[in-house]
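*Asks:* Here's the letter readout for the chains.
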Amino acid sequence: MRNYYKYLLILPGVLFLTIFMLVPIGMTIISTFFPNEAAADTSNYASLFRDSYFLEILWTTLRVSILTTIICMVIGFPTAYFIARMSAKMKALLLILTIFPLLTSPVVRSFSWMVIIGRNGLVNEALMGIGIIQEPLEILYTPTAVIIGLVHLFLPLTIITLVGVMESIESDLLTAAASLGASRFGVFTKVVLPLCVPGLVIGGILVFVGSFTAYTTPALLGGQQRVLSTLLYQNANTLNDWHMASILAAIMIVVTLIVITCMNLLANKLNPRR
Amino acid sequence: MREKHIGLGIFTFLVFVFLLGPLVIISFTSFEQGTVLRFPPESFSLDWYKNIFEVSGFLETFKVSIYLSLAGNLLALLIGIPAAYALNRFDFKGKALLEGIFVSPIIIPGIVLGFTFLRFFITYYQLPIYAGLFIGHTVIMLPFIIRVVSSSLANFDFSIEEAAVSLGASRIGTFFKVVLPNIKSGIIAGVLIAFLESFNNVDISVFMTGPGVSTLPIEMLTYVQNYFDPTIAALSVVLMIITALFMFFVERLLGLSYFTKR
Numbered sequence: 419m420r421n422y423y424k425y426l427l428i429l430p431g432v433l434f435l436t437i438f439m440l441v442p443i444g445m446t447i448i449s450t451f452f453p454n455e456a457a458a459d460t461s462n463y464a465s466l467f468r469d470s471y472f473l474e475i476l477w478t479t480l481r482v483s484i485l486t487t488i489i490c491m492v493i494g495f496p497t498a499y500f501i502a503r504m505s506a507k508m509k510a511l512l513l514i515l516t517i518f519p520l521l522t523s524p525v526v527r528s529f530s531w532m533v534i535i536g537r538n539g540l541v542n543e544a545l546m547g548i549g550i551i552q553e554p555l556e557i558l559y560t561p562t563a564v565i566i567g568l569v570h571l572f573l574p575l576t577i578i579t580l581v582g583v584m585e586s587i588e589s590d591l592l593t594a595a596a597s598l599g600a601s602r603f604g605v606f607t608k609v610v611l612p613l614c615v616p617g618l619v620i621g622g623i624l625v626f627v628g629s630f631t632a633y634t635t636p637a638l639l640g641g642q643q644r645v646l647s648t649l650l651y652q653n654a655n656t657l658n659d660w661h662m663a664s665i666l667a668a669i670m671i672v673v674t675l676i677v678i679t680c681m682n683l684l685a686n687k688l689n690p691r692r
Numbered sequence: 016m017r018e019k020h021i022g023l024g025i026f027t028f029l030v031f032v033f034l035l036g037p038l039v040i041i042s043f044t045s046f047e048q049g050t051v052l053r054f055p056p057e058s059f060s061l062d063w064y065k066n067i068f069e070v071s072g073f074l075e076t077f078k079v080s081i082y083l084s085l086a087g088n089l090l091a092l093l094i095g096i097p098a099a100y101a102l103n104r105f106d107f108k109g110k111a112l113l114e115g116i117f118v119s120p121i122i123i124p125g126i127v128l129g130f131t132f133l134r135f136f137i138t139y140y141q142l143p144i145y146a147g148l149f150i151g152h153t154v155i156m157l158p159f160i161i162r163v164v165s166s167s168l169a170n171f172d173f174s175i176e177e178a179a180v181s182l183g184a185s186r187i188g189t190f191f192k193v194v195l196p197n198i199k200s201g202i203i204a205g206v207l208i209a210f211l212e213s214f215n216n217v218d219i220s221v222f223m224t225g226p227g228v229s230t231l232p233i234e235m236l237t238y239v240q241n242y243f244d245p246t247i248a249a250l251s252v253v254l255m256i257i258t259a260l261f262m263f264f265v266e267r268l269l270g271l272s273y274f275t276k277r
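In order, the protein sequence lines correspond to chains A and B.
Number 656 in our numbering belongs to position 238 of the first sequence; there are no gaps in the numbering.
Number 151 in our numbering belongs to position 136 of the second sequence; there are no gaps in the numbering.
Hints are supplied without guarantee of correctness; some may be wrong.
As the list claims (entries may be wrong) - Cβ pair distances, simulated, as ranges:
hint, chain 1, residue 1, chain 2, residue 2, range
1, B, Ser58, A, Asn655, 36 to 42 Å
2, B, Leu61, A, Asn655, 46 to 52 Å
3, B, Val180, A, Gly444, 24 to 30 Å
To be verified - Below, in silico cross-link-like pairs of lysine to any residue (SDA-like), each with a Cα-Cα straight-line distance of 20 Å or less:
hint, chain 1, residue 1, chain 2, residue 2
4, A, Lys424, B, Leu113
5, A, Lys424, B, Gln48
6, B, Lys110, A, Leu426
Everything labelled a hint here was simulated from the structure, so no lab data went into it.
Ideal Cβ positions, reconstructed from N, Cα and C, are used throughout, including at glycine.
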């Protein structure tokens, strides 16, 4: 009796996600190998990876996501280190200030950057006002704008993930290292940093996968400069090329799964506590 | 280990200027009287706030977004609470796989979900657009409900439930009278988080707008791509106030640790 009761509780959720998510996703991936409802065919993928327009977009997407990930880690790590060592009250305040942008609509956040880096935006007005530049800088609608927007989007996530990891480091460990003669820099590089590696890897996965597949930010800040997600949308909604859109969807899923699997393995392997 | 580190402090301050500055700036520009987004604003007016109600579509899609979040939340709770309960209460064969299925809507890229929903719900399953939006939003809310309810259940002592049952209460009665009241705050927090997730969603909704059907984020996205006046800034301020309220309640219910734990 008890045995099937527990499955009964979980069944609606599993059925719901199977019918409305797993089957559609699976069918979409399978369909990419059958362009003409005929025999299996992988020539689509082969020709896609020879298409220079696609390769350029793929390269832009990869470059933007990798740079975003690196910048988030480099900025997020010291910030999280600072926050984690604050008094409880100050830490709570800084965490609230970090979480607020995280929960704010991505449309609002991208829009705010349009106001700042646009042709007549704040940055250009200020720089031209001082006289550093004569002509407005073209930042908006370039990959740089997308990177700025994505860093703004994912930095809060990086910071709170790393603060969580750093809080789990026992302060006794740091006191012990210091009392044994380690310098402040030594404590940081020899104790804190290695213990944070799994957190950095997990934060890195979240930021990379998030930037690789983000839609709103490149749609608003990227202009004509497409990335994979905006290319997918264009194919699905504007060009009505569903076969191409499906191929792009399959590529995004495969890349996401590979990155998550590899980074999970890496995080386990690099965890010094094991 | 808490000596002051001035350099790091200044660095952190600049990081927060980067994170919050843009949001502060658009809040100021929303009070500008002219049609140009200007910072600092040269005049003060609330005209653009009035304009939110005058631009056809904003009020309409605001309602759509609210209904969508509420309806999706209801279905996600009906499906998610029993699932979270079973996953925490019992041992399963293939539990890891089941847990994997329930978090997958977060792992699969949103834009991919949106496209497959368009392709299957609208074209293949022949659902009306609103039904497609409703199911799509429920799918992405489910992992948040399950995660928050699960973490509440992890703190619940199931021996209390056993005690009630052994004293003669029915299993279902016990669930409603003993388990549910104990995880109430987790459920409310889950609803708030899932609500924001759905209310701010672009990736799914962008594929499922049709003639006269849209959600607020999509309406804003389209507006920003065509017009550049302070209306969106004013609307952003309204949304940020809503976000702040939600965050306040979630913090009250779960504490900040919900956000930092992964």
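*Asks:* Find the hints from earlier in the document that the structure breaks and name them by number, from lowest to highest.
*Replies:* Checked against the structure, the hints that fail are numbers 2, 3 and 5, while the rest are satisfied.
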